Amino acid sequence: MRCLLIEDDIPTSDLIREGLADAGHEVEACHDGASGLSRVSNERWDLVVLDRMLPGGVDGLDILSTMRLRDDRTPVLVLSALSSLDERIRGLRNGGDDYLTKPFALDEMLARVEALARRAGQRPEPDVFSVGDLTLEPRTRRVFRNGLLVSLQPREYQLLEYLMRHQGEVVTRKMLLAAVWGFHFDPETNVIDVQMSRLRTKIDENGAPPLIRTVRGVGFTIGAHDDGTHVPE
Amino acid sequence: MSLSDFRHSVVFRMAAGYGVLLLLSVVLIAAVFYVGTAGILRSNIDEQLHSHLRHLVQEEQQHGRGALASDIHDLLTDNQDTDTEIYLLLDPHGTKVIGNLTAWPNAAVATEGMHQLEVDRLDRHSTSRLLTHRFADGSALLVGRDMQDVRTLEHRIVVAFGIGGLLALLLAGGGAWLFRSQLQRQLKAIHRTTTEVAAGRLDRRIAVGRSRDEFAIVAGDVNDMLDEIERLMDNTRQVSNAIAHDLRTPLGRVRAALEQALRSPQRDTRLPRDAQYAIDEIDSLITVLDKMLQIAEAESGIRRGSFEALPLDTLLGDLIELYQPAAELRSISLRSTVEGDPCVVADRHLLAGVLANLLDNAFKYAGAGAHVLMTAAQAGDWVCISVQDDGPGIPEPALARATERFFRVDSSRHQRGNGLGLSIVAAVVALHRGRLTLQNTSPGLRVAIELPAANLSKP
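One line per chain: the protein sequences are H and A, in this order.
Using my numbering, read the first sequence as starting at 1 and increasing by one per residue.
Using my numbering, read the second sequence as starting at 1 and increasing by one per residue.
Some hints could be false.
What the hints assert, rightly or not - Chain A stretches covered by chain H per the calculated footprint, using a threshold of three residues with CB under 8 Å from any CB of chain H: (1) 131–141; (2) 282–292; (3) 352–359.
As the list claims (entries may be wrong) - Quick list of the computed label-pair ranges, beta carbon to beta carbon: (4) Val10/A to Pro55/H: 19 to 27 Å; (5) Ile282/A to Glu137/H: 48 to 56 Å; (6) Pro55/H to Arg231/A: 56 to 64 Å; (7) Pro210/H to Ala368/A: 23 to 31 Å.
Stated by the list, open to error - Computed list of lysine-lysine pairs in BS3-like fashion (alpha-carbon distance at most 25 Å, straight line): (8) Lys291/A to Lys188/A; (9) Lys202/H to Lys174/H; (10) Lys174/H to Lys96/A; (11) Lys174/H to Lys102/H; (12) Lys102/H to Lys291/A; (13) Lys364/A to Lys174/H.
Honestly, the hints are just simulated from the structure, not real lab data.
Bear in mind the structure is a predicted one, so any value in this text is a computation, not a measurement.
Beta carbons: idealized from backbone N, C-alpha and C, even for Gly.
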């Protein structure tokens with residue numbers, strides 16, 4: 001994927017560039033709003049990672065609005081040190097596809113980049129999601145492991161469906177709490193971990209190889225292999 | 001520093017405006033009065049002259065010139081109105097037949113109708129109104145009235161009005177001055193205080209007497225505003241100090257760990273471990289910063305826009321469902337009871353976050369085997385939500401300080417935590433205009449949040 005990184009802070013910029021390059025993407029970086037705007041306008045990109053606050057008169061949100069005004073639909077991940085809900089909403093309203101608050105874990109940023117790229121691909125929703133020998137049918141809300149029906153509580157089903165829709169990506173506890181319970185807060189008790197371990201016991205019954213993996217400091221991911229790579233369908 | 005230039009003073013403009021208005025009304029009243037007195041006097045005189053003339057002309061037509069002359073003679077000698085009445089009868093040659101004028105203006109005799117002219121009478125020069133009638137043979141009859149007395153009266157009225165107007169002007173001016181100095185005295189008190197506050201003396205307040213006038217209300221409002229500003233400033237100062245302490249300490253630890261790892265002879269084995277330690281410490285610092293921001297956001301009140309009517313039975317149900325597995329894992333009995341259908345107007349995420357925080361605290365401090373009960377019930381106009389555990393509670397002296405930022409009970413310092421949880425709870429409850437009470441129930445702690453009940457019948 002060809003990514004443009006617009007970020008004025010050099011250490012952050014280097015970190016993101018290395019991370020994206022390690023994940024196999026081609027990265028170009030620029031460090032101020034004006035050059036960012038010209039590169040965004042004059043070249044084709046698969047993804048733009050954009051800092052919200054930039055020096056030099058052209059702000060991150062200006063670049064974003066300009067892109068959307070020109071009907072440029074390139075996915076944009078907005079990075080910002082402004083974390084309040086209002087700022088988040090402003091970023092998304094201006095046409096950002098996702099919003100990540102600084103400081104962030106590199107893994108989470110990569111997961112979001114992958115998710116954006118996939119969403120931009122606009123694949124039609126499959127009838128069945130499957131990871132290894134685990135399959136999930138959204139229409140009937142039924143889950144099978146190795147061909148056998150797994151009986152899940154409604155929330156457990158929702159957790160699994162969310163994970164499988166984002167298979168190969170790292171899903172944070174906050175994302176799960178928001179998607180499954182509709183709560184936007186950060187519980188101190190390990191409620192999500194406990195819920196997740198219940199789900200694990202149910203889908204990994206009878207010594208089946210574990211599919212849900214915990215990513216330290218970030219969240220969870222589902223995948224057939226230990227390295228968490230995307231499973232071909 | 002003066003309040004404002006005299007011309008730009010709103011007080012001056014108001015006073016001047018009222019002065020002009022007063023003067024205009026005096027002039028209007030004077031005009032009406034003048035027309036009502038002097039004007040009517042003149043028109044009465046004119047009518048009288050016309051009726052006299054008509055009477056005399058009739059006399060002449062019925063009884064001849066001689067009768068007319070004798071009538072005039074009678075009128076002149078009857079000792080009535082001798083000061084003012086004027087009669088003159090001239091023959092066709094312009095010679096006086098009878099009358100009390102010594103000299104007469106030709107203009108008055110030449111044409112018929114009403115004239116106002118200077119005439120000589122009784123050795124006196126005077127202004128008079130004269131009405132002339134010409135007979136067919138060329139002789140003329142002149143009936144008139146000396147206007148000297150009317151003019152004197154009119155003159156007196158005008159002088160009286162002049163004096164009255166002058167007095168009104170003086171009164172208006174004096175009133176304006178009084179009005180201005182009164183207003184300015186009150187405004188100056190406010191101005192002086194606000195200037196002092198602007199110069200940094202936040203403890204200054206406007207003196208509000210016992211009066212309940214508009215100025216007292218404005219002064220009271222300004223004082224309330226200053227109280228709030230001072231409270232926020234104090235808060236900020238206190239928080240800055242707390243941040244300085246509670247953020248520097250972990251930063252110092254991270255720095256020390258990394259420095260030691262670099263200097264250590266086994267730096268290659270130590271570095272990855274200490275780097276991970278640094279990341280964990282920094283993550284918890286980020287959590288602290290996020291929580292500080294949450295408090296700031298709640299205190300700023302900007303989230304009030306997202307309030308909605310929130311039925312508590314579903315919210316509590318969702319929370320219990322979320323926490324139940326974690327409770328079971330710790331052998332904690334977690335239950336909730338909801339009486340009736342309590343409903344509040346609140347931000348769902350904030351309120352859920354607050355209740356989750358209270359559950360986190362109960363789990364953390366009451367520990368394994370505890371009983372945690374969450375309740376919601378409406379009592380009058382208030383809805384009370386409480387979380388009760390049967391753990392050790394909070395030492396009584398520390399209870400009042402539990403919601404202060406970064407405050408931690410000494411015995412809990414070994415536990416993970418940042419001393420911000422209850423501060424967020426307090427800030428969110430305040431945002432919802434509710435009341436927060438912490439109470440030791442020995443055993444255990446009961447945290448109660450009272451929020452205004454949502455009136456569903458009138459949204």
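Tested hints:
Counting residues of the stretch 131–141 of chain A whose C-beta sits closer than 8 Å to any C-beta of chain H gives 0, which falls short of three, so the coverage hint is violated. Check result for the stretch 282–292 of chain A against chain H: holds, 5 residues qualifying (beta carbon to beta carbon below 8 Å, three or more required). Counting residues of the stretch 352–359 of chain A whose C-beta sits closer than 8 Å to any C-beta of chain H gives 5, which meets the bar of three, so the coverage hint holds. Distance hint check: the CB atoms of valine 10/A and proline 55/H are about 46 Å apart, inconsistent with the given range 19 to 27 Å.
Roughly 42 Å separates the CB atoms of isoleucine 282/A and glutamate 137/H, a value that falls outside the hinted 48 to 56 Å. Between proline 55/H and arginine 231/A the beta carbon distance is about 36 Å. The supplied range of 56 to 64 Å is therefore violated. In this structure the hint that proline 210/H and alanine 368/A lie 23 to 31 Å apart at CB holds, the actual value being about 27 Å. In summary, the hint linking lysine 291/A to lysine 188/A is not supported, as the alpha carbons are separated by about 44 Å, beyond the 25 Å threshold.
Under the criterion of a C-alpha separation no larger than 25 Å, the hint pairing lysine 202/H with lysine 174/H is consistent with the structure, at around 23 Å. A threshold of 25 Å between alpha carbons decides the hint, and for lysine 174/H with lysine 96/A the separation of about 126 Å lies outside it, so the pair is violated. Restraint check for lysine 174/H and lysine 102/H: the C-alpha separation of about 15 Å stays at or below 25 Å, so the hint holds. Restraint check: the Cα-Cα separation between lysine 102/H and lysine 291/A comes to about 15 Å, which is no more than 25 Å; the hinted pair holds.
A C-alpha spacing of about 20 Å is found between lysine 364/A and lysine 174/H, which places the hinted pair at or below 25 Å, so the restraint holds.
When each numbered hint is compared with the structure, violations occur for hints 1, 4, 5, 6, 8 and 10.
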